[in-house]
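Taking the hints into account, I'd like the entire structure generated from these sequences.
Here's the letter readout for the chains.
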Amino acid sequence: MVIGAGGAGLRAAIACSGQQLNTGVISKSLLGKAHTVMAEGGMAAAMGNVDPRDNWKVHFRDTMRGGKFLNVWRMAELHAKQAPDRVRELEEWGAVFDRTKEGLISQRNFGGHRYPRLAHVGDRTGLELIRSLQDHGIHQGIDFHMEVTALELLKDGDRIAGVLAYRRETGRFVVFKCKAVILATGGGGKAWPVTSNSWEYTGDGIAMAYDAGAELMDVEFTQFHPTGMVWPLSVRGILVTEGVRGDGGILKNNKGERFMFNYISERFAPETAATVEEADRWLAGDKTARRPPELLTRDEVARAITAEVKAGRGSPHGGVFLDIASRVPADVIKRKLPSMYHQFKELAEVDITKEPMEVGPTLHYFMGGIRVDADSQQTTVPGLFACGECAAGLHGANRLGGNSLSDLIVFGKLAGDGAKAYISALSGSPKAQDDQITSAIRRATEILNRETGENPYLLHADLEKTMAKGVGIVRQKDELETAIAELEELKVKAQTMKAPGASQYNPGWHEALSMKSLLVTSEAVTRAALMREESRGAHTRLDHPGESAEWVKFNVIVKKGGDGKMEVEKRPKPEGAPQLVAIANAKIEDLESGKVGADAT
Amino acid sequence: MAKRLFKVWRGNAEGGDFKEFQIDVDPGMVVLDVLHRIQAQQANDLALRWNCKAGKCGSCSMEINGKPKLACMTRMNSFTEDETITCQPLKTFPVMRDLVTDVSFNYEQNKRIPKFKPKPRDADGQYRMYQEDVDRVQEFRKCIECFLCQDVCHVLRDRDGREQKTFIGPRFMIRVASLEMHPLDTEDRIPELKKEFGSGMCNITRCCTEVCPEHIGITDNGIIPMKERVVDRFYDPVAIIGRKLFGIRKRTKSRSETGE
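The listed protein sequences correspond, in order, to chains C and U. In terms of the working numbering, the first sequence is residues 1 to 601. In terms of the working numbering, the second sequence is residues 1 to 260.
Hints in this document: simulated from the structure, not taken from any laboratory. It should be emphasised that the depicted structure is a prediction, and the values quoted were computed from it without experimental measurement. Hints are supplied without guarantee of correctness; some may be wrong.
Partner residues aside, some chain C positions facing chain U, computed with beta carbon under 7 Å [as the list claims (entries may be wrong)]:
(1) Val-37
(2) Glu-91
(3) Glu-92
(4) Val-96
(5) Arg-99
(6) Gly-103
(7) Glu-169
(8) Gly-171
(9) Phe-173
(10) Ser-198
(11) Ser-234
(12) Ile-238
(13) Pro-500
(14) Asn-506
From the three backbone atoms N, C-alpha and C, an ideal C-beta is built for every residue, glycine too.
Structure follows, in structure tokens:
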């Protein structure tokens, strides 16, 4: 049973059904609506179609550096090696990527990627991915259960035995008995008020896995994408693709200064343009020039924007200006960024071919999540697998743009393969326990049956306030502790939520049920953020500035303790294979000339 | 902030009625925002679908003041200041609850279309297609499956048209077109278009094109070329004789396929 029908879930289901497993997919929305459709820029795969110097080693190195070396070495390796085949396979299933002059899949530049690497379709690559998987998947004998929400994982002893879920349409509960479950449920951005995430992003998989005894890892790393819309208020947080900057867009403050040149950190200085003139040469295709600072990794750009706004140099609605109008001809903008053009025209009444956009950071992505084995994607619970955003490991402390869509298809497939191997080796059929099912149903229906109680919508708004205040882009000890205290209060209030109406298609009840997941996820992020006393990637501690040489050797693990309380542990991070370590640390010239990694395959 | 009057249809398959809501509206809001505010403040159990809030997923389709629209892309300042805003479920599909309809008809139609069947890769393991050949396919692939075109299609509005599956509908006509015009696809899709999918049922009123939030030229770029291919195959005597005598290709294909 696959939970989630975004890119990872669909790819996992295709892998399962392709290996003769009886496969089902549960999704909270209709098929093809998952948040994957929002991905714009592309999927990273070192195919070398545009720049032949690209290969998996350079992609691997970029990923590790972007992730500030906290990535699981083996996952970054598998991802870089397998992404090209997964992308080409999509083409075999009907995807129509933009083409190079030679007729191959075109690839575009993106933040943190050394070479043009992102296979794309204009700025709607996610839609192309999900539609290709969907149209292929419906002919694979997979059972799709649309508008069904998973509530709890069912176990027989240690092992997975099924899923308890409910149909949103009727409110009826349904038990899916199965030998293995693959979680592909995405992150938990809805705990924050300004987010690019849709209502589905409530951390369901993270919370269900946690309750089933699985370990979570590095959940303190929550990525704030530097460029979300800031106005109008109702669309605050909606993403403005990094592709705008990849295609020449620049960031300016209210004084008209191109401020990113003031925020180039030491690590990236050797590979970043020092002057406007050099940045423009790079954009024009000069291979000796270095990249513009607007294309630094997302955490660096997000912090720079926050600093500019704090210093009083922000735009009228509290962001900064993203200007492509003065840089690229109008017809090119419309052709290369059609969705962005329409998004601003129709939602903000801004013509991006004539005026700059106003942008600011928005909670976008969970790097951390459920801890999995790199090759099989199995969690610490036998029979439970996780892939895509809900799983931890590939992206370390910060994700590069474009590495998410490729993550979905690489690890979606591996999770399917892992589930097949697990089921083949399984003896007997695990049986779900009736008392687990009845008590879970009772907890869910109490919300409807109670006479009075807390309004779930208002409780959700309070949670967002807590997370925005205490667990934002920059964090510190006392604020995190306050957030934990507030979360404890919210947990108590959540015990007595009340949703009026019946169980048939009742959004108030759905909201109340997802609060449970949001609270577990938020608590895990906050406690992990408090433990990690350093600033690395997307996790910035004002009271512990800079990366610490000590902390790179540790993961933060969260799990449910025997007493039901959340336990947080600083656990040594397994070392990488020597060859991988050498490649990740190599100078780019040494890697490309073959001085390092020449024998790596 | 200003108070606005909303009339929202509430009910289920058995029936229902419009309910009035007086609600505060802030500058910059879209209809979906106002419905969410109604849901949070006055009707916790108001059922509606939504996901992305940016016109990219096609979930929040409904009829607003009688027109099929995406609620997330309908700005409040597109109405006059004292205009009452009426929201009701799509008329073509059976109501489940409030603004949510049963759109499973559309998923069933998609399943009827045989899957993409690509030709073999080139010797170096690559597929080659040229941008000018895929432009027209990419236009159709912009479709976000909001089903507004299916909703407004008069063949599908007619209940018999739906139940007897006489016409697959505009969304799936362009899905077939995206396969038929795909430079790599080897399946012959023309006989099915005529016999199974009812290409002749469409009489080109262009209502579907008018409501498409992605501005896809559904009728002119998709349905009409498909109808023409059907006509060429089944009704053009010169072409039929030509094919018999000279073995002329059945399909007009692209540069990459013909190797030009």
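Next on the checklist: Quick check on the hint: Ser-234 (chain C) CB to chain U CB, less than 7 Å?
Outcome noted: Hint holds; Ser-234 (chain C) Cβ to chain U Cβ min 4 Å, cut 7 Å.
Checklist entry - Is the hint on Glu-91 (chain C) kept, meaning its closest Cβ partner in chain U is under 7 Å away? => result holds, 6 Å
Item to check | Interface hint compliance - Gly-171 (chain C) to chain U, C-beta minimum distance less than 7 Å | outcome: violated, 10 Å
Item to check | Agreement of hint Ser-198 (chain C) with chain U interface, Cβ distance less than 7 Å | outcome: holds, 4 Å
Next on the checklist: Val-37 (chain C) was flagged as interface toward chain U. Is the shortest Cβ-Cβ separation under 7 Å?
Outcome noted: Holds. Min distance 5 Å.
Checklist entry - Against chain U, with CB atoms and a cut of 7 Å, does the hint on Pro-500 (chain C) hold up? => result holds, 5 Å
Checklist entry - Against chain U, is Ile-238 (chain C) within 7 Å by beta-carbon distance? => result holds, 5 Å
Item to check | Phe-173 (chain C) as chain U interface residue, shortest Cβ-Cβ below 7 Å | outcome: This hint is violated: Phe-173 (chain C) lies away from chain U, its Cβ roughly 18 Å from the closest one there, beyond 7 Å.
Item to check | Per-residue hint verdict: Gly-103 (chain C), partner chain U, C-beta under 7 Å | outcome: With a closest approach of 4 Å, the Gly-103 (chain C) hint holds.
Item to check | Residue hint Glu-92 (chain C), partner chain U, criterion CB-CB below 7 Å | outcome: holds, 6 Å
Checklist entry - Does the CB of Glu-169 (chain C) sit less than 7 Å away from some CB of chain U? => result holds, 6 Å
Item to check | Given hint Asn-506 (chain C) near chain U, where the shortest CB pair must fall under 7 Å | outcome: Status holds, d = 5 Å.
The structure is inconsistent with the numbered hints 8, 9, although it conforms to all the rest.
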